Amino acid sequence: MHPYERILPVPYIKIDREGAIRSCSEQAHLYFNMETSNINNLIDEGSLQKFWGIGSQKNVPIKLEINMMTKRNKIQLFDTYLYWGTDGEGQLVLLPKDETIADLKEKLLSLQVRLSETNFDLLEQKEELENTLAQLNKLSGPVIKLTNEIALVPLFGKLTEEKVKGFGSQILDAVYQGEFRTLIFDFTAVSDLKAEGMAELHKLFQMLSYMNDGAIKIAGLHPSHAQRMNEFPKSRLFEFVSSLQLILQRNLNGY
Amino acid sequence: MKKPPTQLAEYFLAGEHERAMDLIKEFKSNSNAEVFQTLITPAMQHIGDLWEQNLITVADEHLATAVCDFVLSRLYSWQSTEKDNKKNKVMLLCLEGEQHYIGLKMVSTLFVEKGWNVKFFGSNLPIEYTIKTALQWQPDVVCLSVTIVYHLPKLKEYIEKLSSLPHRPVIVIGGRIAGKYDLSSYCTEETVILEDLSTVDYWINKWEAKEKLNASI
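First to last, the protein sequences are chains A and B.
Residue numbers for the first sequence follow numbering that gives the first Met the number 0, beginning at 0 and rising by one.
Residue numbers for the second sequence follow numbering that gives the first Met the number 0, beginning at 0 and rising by one.
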């Protein structure tokens, strides 16, 4: 080894055409496990082809990005300057890629991880929200037993298809289990009637009529509801009453 | 005229996501699996080749990957967690330290497309978290992606721990080295090794056909 090779201020390795290591600088020891006898053991397997392919073709100095296995058993990217002399010896200078780039890469990666976590958190929150919404839908049509024969179903909020589906099954269950002769649907707290919601409600009334020959009454309609109801085909499944008070008076007189 | 994968690779490297999307959309009559297998994967492989030929740097590769990810995210779904317990469930992840997630993301899309419930965790999911999630969510299938040879010992650990879970999910291994090396010594007898995206697509179809057959018996 030439004395200057040892003291070169950069990682320097001299190899032969087989990759056998002939000598190296002290700096090379800082980065690599120089006890190995062949450079192939220091090059990442994904970079071997590049090193021996393009890196070996020219007898002019060439700069390559090569992934190396460092002493800490970590893959690290090096700018590798390689020159094959006519004597068949390869002179290698390996400069670790600027660490600021590594920092940037790390930051980019953490942002990417953060994004994918956010994406996942959002999905989980969406799931939670959907559950809450389903729960809210159920709560928007509670069945309140007034007497053994009469139940009140106050409806709340915007009457959408999902909402009617949400509370529909519990109404069917309650009717199946009870012996109600009259079901009163109170629309006082309904803000908006959607056409799809009404169609779904109509289906619900139909199912209720199959299960039970009692009466379905609708109370508490606003003028805007009445307009929407008007668009709806006339049905014998239910009847309208002007006020909840009236219907309760009529039905509860006997109690 | 350039071949479509080469052209797509150029758009990825130049950060031209709109053009990349337009190019992919030209193949809309093909199945997603075909587009992934014959267009997007070869484009990414071409980018790897360019690095090997010393024509681009790792920084260029990172940019291309980010653009490819963006394009995939815009054009395809890769997560689906509907509350339908009848659906098959799959979780997909890269081993700890493994950053190459693009291939796995395309696999995710194939599962979503077939109506599975899909949890895609992307790169670098530590084993503790993997086991914890698999225990809670009980997926039918767990897909592991590995592209770096040095991660193979970890692969063995993941497979052993996942195989010992009470509900015994089917473990599927994919990634660049699945098509290159014999991984059987890292796996159990039940582990499925899938070499590329077409194989994944075929395997999901086969799984579903088997389920239908079982249901009809």
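Derived by calculation from the structure, the hints in this document are not laboratory data.
Quantities reported herein were computed from a predicted structural model and do not represent experimental measurements.
By construction, the Cβ of each residue, glycine as well, lies at the ideal position given by its N, Cα and C atoms.
Heads up, a few of these hints could be off.
Taking CB as the label site, the calculated pair distances span [stated by the list, open to error]:
no.: 1; chain 1: A; residue 1: 70; chain 2: B; residue 2: 81; range: 45 to 53 Å
no.: 2; chain 1: B; residue 1: 24; chain 2: A; residue 2: 9; range: 44 to 52 Å
no.: 3; chain 1: A; residue 1: 102; chain 2: B; residue 2: 73; range: 24 to 32 Å
no.: 4; chain 1: B; residue 1: 28; chain 2: A; residue 2: 73; range: 39 to 47 Å
no.: 5; chain 1: B; residue 1: 127; chain 2: A; residue 2: 204; range: 51 to 59 Å
no.: 6; chain 1: B; residue 1: 128; chain 2: A; residue 2: 134; range: 25 to 33 Å
no.: 7; chain 1: A; residue 1: 133; chain 2: B; residue 2: 73; range: 40 to 48 Å
no.: 8; chain 1: A; residue 1: 147; chain 2: B; residue 2: 128; range: 48 to 56 Å
no.: 9; chain 1: A; residue 1: 110; chain 2: B; residue 2: 128; range: 27 to 35 Å
no.: 10; chain 1: A; residue 1: 80; chain 2: B; residue 2: 26; range: 22 to 30 Å
no.: 11; chain 1: B; residue 1: 155; chain 2: A; residue 2: 134; range: 39 to 47 Å
no.: 12; chain 1: A; residue 1: 204; chain 2: B; residue 2: 72; range: 41 to 49 Å
no.: 13; chain 1: B; residue 1: 56; chain 2: A; residue 2: 39; range: 51 to 59 Å
Against the structure, the hints come out as follows:
Taken as a hint, the range 45 to 53 Å holds for the pair residue 70/A and residue 81/B, whose Cβ atoms sit roughly 49 Å apart. For the hinted restraint 44 to 52 Å between residue 24/B and residue 9/A, the CB-CB distance of approximately 49 Å keeps it satisfied. For the pair residue 102/A and residue 73/B, the supplied restraint of 24 to 32 Å holds, since their beta-carbon distance comes to about 29 Å. Between residue 28/B and residue 73/A the Cβ separation comes to about 46 Å, which falls inside the hinted range of 39 to 47 Å.
A hinted range of 51 to 59 Å for the beta carbons of residue 127/B and residue 204/A is consistent with their spacing of about 54 Å. For residue 128/B and residue 134/A, the Cβ-Cβ distance of about 29 Å falls inside the hinted range of 25 to 33 Å, so the restraint holds. About 30 Å separates the C-beta atoms of residue 133/A and residue 73/B, a value inconsistent with the hinted range of 40 to 48 Å. At about 55 Å, the beta-carbon gap between residue 147/A and residue 128/B stays in the expected band of 48 to 56 Å.
The hinted window of 27 to 35 Å between residue 110/A and residue 128/B is violated, with their beta carbons roughly 19 Å apart. At roughly 42 Å, the beta carbons of residue 80/A and residue 26/B sit outside the given window of 22 to 30 Å. For the pair residue 155/B and residue 134/A, the beta carbons lie near 44 Å from each other, so the given range of 39 to 47 Å is met. Between residue 204/A and residue 72/B, the C-beta spacing of about 45 Å keeps the proposed range 41 to 49 Å intact.
Checking the proposed 51 to 59 Å range against residue 56/B and residue 39/A shows it is violated: the Cβ atoms sit about 23 Å from each other.
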